[in-house]
Amino acid sequence: MKFSKLLLIALSISLFASCSSDDNDDPKGAYDNGFFILNEGSSDVGSVSFSSDDFTSFTKDVYASANGSDLIGGYLQNIFFDGDRAYIISGGSNVINVVNRYTFKLIAKIDSGLANPRYGVVKDGKAYVTNANTYSYINPATGDTDDYVAVINLATNTVESKIELNATANRLILENGKLYITEPNSSTKLLIVNIATKAIETVEIGSSGDSIEEENGTLFILRAPYSGSGEIVKVKLSDKSISRIAFPESLAGLGFMDIEDNKIYYTAGSSVYAMDINATTPSTTAIVNSPASYVYGFAVENNRIYIADAKFDKDSKAFIYNLSGVLQKELAVGVGSNGFYFNN
Amino acid sequence: MTIKRFFTFCLFVMCQIILAQNDSITSLKEVLVSDKNLKAYSASQSVLKLNDSIINKNEALLTDLLNFNSTLYFKEYGRGMLSTVSFRGTTSSQTAVIWNGININSQMNGSTDFNTISGADYNSISVKAGGGSVIYGSGAVGGTVHLNNDLLFFNRFENNLRLDYGSFNTIGVNYKTSISNKKWSAQIGLSKNSSTNDYKYLNRYTWRGEQRWNQNGQYDIITLSANAGYKFNENHILKLYSQTSNTDRNTSLITETETKSKYINCFNRNLLEYDGTYGKIKTNFKTAYIFENYQYFANNALKNYTYGKTENLITKLDVDYHLFKSTHINGIADYSRTNGYGTSFGSHIREISSAALLVRQDFGTNWKNELGIRKEFTNNYKSPILFNLGSSYKFNDWYNLKLNVSRNFRIPTYNDLYWDEGGNPNLKPESSYQGEIGNVFTFKNLTWTQNFYYMKITDMLQWVPGTNGIWTPQNQDKVISYGTETLLGWKKSYGKNIFAVNATYAYTVSQDEKTKNQIFFVPFNKATGAVSYSRDKISAYYQILYNGFVYTRADNDPDEIINDYTVSNIGIDYDLKFLDSFKVGFQVLNLFNKDYESLENRPMPGRNFNVYLTLKF
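As they're listed, the protein sequences go chains V and Z. Position one of the first sequence corresponds to residue 1 (the UniProt record's numbering), numbered consecutively onward. Position one of the second sequence corresponds to residue 1 (the UniProt record's numbering), numbered consecutively onward.
So that you can see chain Z by itself, here it is in the shape it has in the complex (with noise of 0.2 angstroms):
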């Protein structure tokens, strides 16, 4: 069944890629990556990068960018509420989030909510399928989400301003200015997004026969970005990255008539980077401040909340050594310290102190290999020894081949070692053992990436009832994960007119080894496609999102599942040619008025629409 679905889509793809074409982004200034070891330990991975156009085309929160973009699968509370993600079938806290290289899952519960995240704050998202624990730390299992912003350094004053008013009064307002020249780069920005989000359930009424819409769905994001960098020469430069964001969002009802209540997020977030390159030895120091708050508000009508906050000091000094002609040798030590204090689990600081050590290894072009290792260093948990071990070789023009296994860790969190009452301070790490094999095909226009992986999870964290009724977690359960990823790129322009295809497709296996049970909220099918067409000042595009059902209990009860949907957006956009650039658009979101929820009694909105103006000058 699910074999003949997966050769269903293949032709389905298949006909799209006949049909379509391509986008061109091509960058001759240089860039200054916040990220270097994305790129330099990458080789024998998957990386799926979303430049600006493609954010540009999907509402401003991370979950609809990455949910029509990638394998990645969402679970969301609502339009707009806690949305948590789902990679290569592991659990929310098992993908990390890594913002201009630096982890930032929340210390407290070990994920980071989709919903809080607008993609416009970024100049790059990537996707990272496979583990990195040995560079990113912990949660890097089923894969890594990369935020970065990078600095440019030539002469440049340029202002990026856009407008969004949607159904539901939806607003966005993003700024950003760059001001460069060949020894200064800044980038300031500032987004703005919210919406009374009192969409009407589609077909669903209450019990007096009135008309069911999402009560408690306000929501409020705005995030302030400050970058700068400064050469001192060629082999000097320092940076500084900082992000200051707060989310104001109300939790959407499952029924009319519960308590209301609401949650306050702020993230602060600071980053100083030193890159020094002494002949063949090249040092970077990053040191990282990193502040996390919530405060939850369990009924609205009053003053109280309760809350939590960490605040992460981070030191990590990485350098690089040309050994010789091929091979690159890093020593990276770092050390982290957390304070948390909060409502729910009183104030404990931990300490992890780490060393890594990679290798990487350029035969050629062609042939490329990286291996890694990495040993944490606290009284907190036993950490185990991780490592990285991969390979890439180029057969030819058309065919890529990469090797990868690795070792990789997630860390028990703030709320399983201390929660008051069932906290639990004798807990091991999650770990991982897993392999993939990617093959990627280049031909002409189009790249076509195929990726098979395997991984076995141990030491699961689970909160379960102790004999006493309190819960507490526990390392119990082992988890088996497998499947197959396709990523598909083409572009082609004929003559004036520029076609883009991409599309993703992800066969997803997660089962509990002992009851051979899927993974409730995993599903086996998800697959996105996009197709876009430009010609002049004229850019039209579609999205489509299929996401296959999944179970909602972990004894895959056939009659508890959520359906499986498929949505779809259209948009189009206008450059009227007045400053540099001047752009009206108008989208059309969820065409064809499909009612689907994600979680039970969830519903997420019908059709509707947006409105926008991108102005650069």
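Bound conformation, chain V alone (with noise of 0.2 angstroms):
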């Protein structure tokens, strides 16, 4: 009797224990298992949609769902997170919204020491968040120069330190206690910013550097300029000795690259293409050849293809495809879609 009785606590003890660990599986808010399509807005403020993994729930403005009539800001640029947080960067207005990523209810706002900020990272509880500041067609003297990396502790929500780069800057990656920047409008070089150290070194790489990754120990940097031909340049981050990957003119219009599972997928025109990590030479057979108009975002996940194709005076579209190039779902999102960012 005392037995089955402790057997009973144990089994329910064993059954509640099990259920628990089932918990951990549970969504954290209603935007679990999904990902976020950012809209940098036009005239008006940005906005943010999400969709389920499983397309069977969407929602145009998360942000205004959530917060109300709370504004977002302009040209949101960047969604970067860390922990439970997402954090949402608005070039317009200067500001970094920090949200829930699970819930999107606004904790705080990062609104003194941006100006003009554009892409972010995280290590070890700080933010390092590129500002590309005065441009050099309004302030022709220090414009290209002004440039800086916002260091922000998100513990107090607060910029602590700035690091001057005395260049351009816009996308980066972090590697190694190391921010690897490029800028396609004024820059030829890549720029490696040691945080602890806050030494800058520069590697000349070309104009047009803009999307950037690395994968085992190198770094591929798509130059892609508005004429002629672009290419891949790798970088080995020991010796930051380059070799690169020449694309031919009949790839015009090189817009985005992103490398999933060894392989390097990159956008021309309306047209996603992929390559081994390891080719020398570029795929010219397209492996989707989408719809959209003006492709100005884009992402590889998760066996999935998704482009953004941007509109200024109506509802963008996102496509998803799958990797043989089959069209999934395609979306209507909100207005200027710049980006896919995958919250699991």
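Read the hints as simulated data drawn from the structure, not as lab findings. A few of these clues could be false.
In the BS3-like style, the derived pairs of lysine-lysine whose C-alpha atoms are separated by at most 30 angstroms in a straight line are [stated by the list, open to error]:
1. V/Lys314 with Z/Lys516
2. Z/Lys594 with V/Lys314
3. V/Lys317 with Z/Lys75
4. Z/Lys200 with V/Lys105
5. V/Lys314 with Z/Lys262
6. V/Lys329 with Z/Lys514
7. V/Lys198 with V/Lys162
8. V/Lys178 with V/Lys236
9. Z/Lys456 with V/Lys314
10. Z/Lys200 with Z/Lys36
11. Z/Lys478 with Z/Lys456
12. V/Lys162 with Z/Lys262
13. V/Lys329 with Z/Lys316
14. V/Lys314 with Z/Lys260
15. Z/Lys514 with V/Lys317
16. V/Lys314 with Z/Lys36
17. Z/Lys616 with V/Lys317
18. Z/Lys260 with V/Lys105
19. V/Lys162 with Z/Lys260
20. V/Lys314 with Z/Lys428
21. Z/Lys616 with Z/Lys183
22. Z/Lys616 with Z/Lys583
23. Z/Lys478 with V/Lys314
Using the hints, put the two chains back together into the complex; each one sits in its own frame.
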């Protein structure tokens, strides 16, 4: 009797335990297990759309649904994550909105020390955000030398210091304690910033260097000029040696690059191409020919290809394909869609 | 739904008419109008004239005057900020603004910002609906807005001074002096309108819970005008019009943390005009120099700016030949040379010549016909042949029927052609075919105008991203607009009591021919009403504006709209009968404290106040 009671307790504990371990896979909020589409906006503020991975749940304006009339800001540029939080960068409003990544409820705004913030990465409780500051067409004297990295303390949500770059800065990645920064419009260099010493090195890569990825100790940078042919510049992290994969002129209108599962995916016009990570010549056979008229955002994740077709006077479109190029879903998203961010 | 709404509105207007009355404006003196063709060639179209008594009842800037008194729809980037117009469902560059007969739309962007112009600088402002490119050139598609200074030749020395002080530190100083005799006439004016414009946004708070307000919205607009005329004799008259203005304006923020920026716009307009009559031939020779300049400071903290500048020289000869009793023929030749330079489009010279032939025929006073044809010659773009054909027939005392068909255009601007990067030198002008029927009913104290129009605009210029990501303008969409306009005026005096009512209503469908969607930022419905009462020294007035909802997106997403709004103003003034006239007035604007905006996240002020003094001596 006593033993059986004990058994029952033991059983119920184990049942409880298994239940609680199941709980860990349950969604942590309405916006878990899906992806965000960032919409930069036009004359009005931007927005963030969400779709679940299985496309059963879709919200066009997540921020407004969660935060009512609060304004997310203009020209939304990038989202980065840390723990349970998402950080939405508004370049037009010089603001980073800090929200819970699963509920999108506003937690705080980082609203001083930023000047046209662009992209951010996180390491050890600190965020590193590139700031374009002034542009040379407005400020010829220092527009091309005043960009900086804002170092943000994520415990207090304040900019605690700045790393002056004496160059222009846009996209960045963080690898082994160093920031690797590209900027396509005014720079011909890759910037390397040691976040501990704040020492800056530069590597000459050529103009129009934009998308940047790191795989197996090598940086891959897509140079996508407005006209003429582009290339992928490979930079070895160990010795900063450079090799190049030239693109033929037939791949006009190069846009974005993403690396996933040892394959390099890139866009040219409204098409997507893929090549092996070790290949020395690019593929000219499209795996996706999308109906997009203006590819403004691109990602490859979990065996899917995501394309944003940006419109500025109406809903943009997001097209999601499988890796064989079969359309899985078309979504009507906000104005000026420019990126995809995965929340799993 | 919309039809229902229309009838409800009619009912509302009719009620008002039964309730209300009029203001007597009679000028017995000889007036020399600057824009003769506005009178001579508008018999078959509808012209709404706003004289100084209406101008004085409105806020200083032109947006406000036209918003509350005409069918024109405005989109404002906050109070006093950039303001763009839509007339009969067209774009802001398809309404031409005509200063004393000369088209002053910007050569750079094709449009006029109605918050850079103050109404009190003119003797009258007329709104002419429908096409007018044959006479007024580019942009006269939806209609034209005429800013006129009239010169009077009789003995007088008159000074007008108006001082305004209102909420948000809004200050207005308007001074005008008119000196004339039988030979000479001169008018000198100065206006200055400024505001710190730091109004609270009704019911809006930041995430920290602080009241939101209009930041970086200050403006200051100064205009100097000098006009003079000399009569050699009845047959030879020389006139000179000159105006300089400077608009120094910050750009109101959407969010508090944005980088603050500002614009400075500067204009200088000069027009020399000679009228000579030689028997059956009347000549009018005009030469004008128009200078326009803007400076944009993307960051107020820096001294740096980008700029654009155009200098436009126009010469125009208009010969009117009185062919026989009922028929006049006008031949017009003109030449315009624009020199434009700026940070974004380099330096370019544009020369345009044109020839036009106008015929008007009056069979008695009841039947008037007009015909016009015009062709431009330039190597910048291919120019279509423009025409205008109209007829007005007065069936009886109370009914006048007007018919008009025309072809009009809007030429590509400096930005469209030369913007670096993206400007497209191979553009065609936007062009339109349109037709309208106007009905004017006059009963005793009431005039009722009912217009119906249909318009097809092709080759709409639109900036679209190219395959390489560079935005570039293309001639692509076609737009069909149709609708109706109602203009009502009623005026009556009962002994010393004078009542006046004016109302307008516009029903506008403007759709993309391909998608059938309503063009965004074109309201289906807009209505205005004004009631005034005066007795002896007192006059009081009430104005109401109803603006129907607008879509903000080309796909007519029902969730993305600007809600409709109804805004009212009320005012009263009292003449202390000191000097010729010494009026003290008080106005309550947005009487019912309506929270509204005409663009997303650009709230307009709640209830606010204005006091004024008007002196005549």
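Here is how each hint holds up against the structure:
no.: 1; hint: V/Lys314 with Z/Lys516; in the structure: 15 angstroms, holds
no.: 2; hint: Z/Lys594 with V/Lys314; in the structure: 28 angstroms, holds
no.: 3; hint: V/Lys317 with Z/Lys75; in the structure: 27 angstroms, holds
no.: 4; hint: Z/Lys200 with V/Lys105; in the structure: 26 angstroms, holds
no.: 5; hint: V/Lys314 with Z/Lys262; in the structure: 28 angstroms, holds
no.: 6; hint: V/Lys329 with Z/Lys514; in the structure: 25 angstroms, holds
no.: 7; hint: V/Lys198 with V/Lys162; in the structure: 10 angstroms, holds
no.: 8; hint: V/Lys178 with V/Lys236; in the structure: 14 angstroms, holds
no.: 9; hint: Z/Lys456 with V/Lys314; in the structure: 23 angstroms, holds
no.: 10; hint: Z/Lys200 with Z/Lys36; in the structure: 46 angstroms, violated
no.: 11; hint: Z/Lys478 with Z/Lys456; in the structure: 7 angstroms, holds
no.: 12; hint: V/Lys162 with Z/Lys262; in the structure: 28 angstroms, holds
no.: 13; hint: V/Lys329 with Z/Lys316; in the structure: 61 angstroms, violated
no.: 14; hint: V/Lys314 with Z/Lys260; in the structure: 27 angstroms, holds
no.: 15; hint: Z/Lys514 with V/Lys317; in the structure: 19 angstroms, holds
no.: 16; hint: V/Lys314 with Z/Lys36; in the structure: 44 angstroms, violated
no.: 17; hint: Z/Lys616 with V/Lys317; in the structure: 62 angstroms, violated
no.: 18; hint: Z/Lys260 with V/Lys105; in the structure: 28 angstroms, holds
no.: 19; hint: V/Lys162 with Z/Lys260; in the structure: 22 angstroms, holds
no.: 20; hint: V/Lys314 with Z/Lys428; in the structure: 26 angstroms, holds
no.: 21; hint: Z/Lys616 with Z/Lys183; in the structure: 23 angstroms, holds
no.: 22; hint: Z/Lys616 with Z/Lys583; in the structure: 9 angstroms, holds
no.: 23; hint: Z/Lys478 with V/Lys314; in the structure: 18 angstroms, holds
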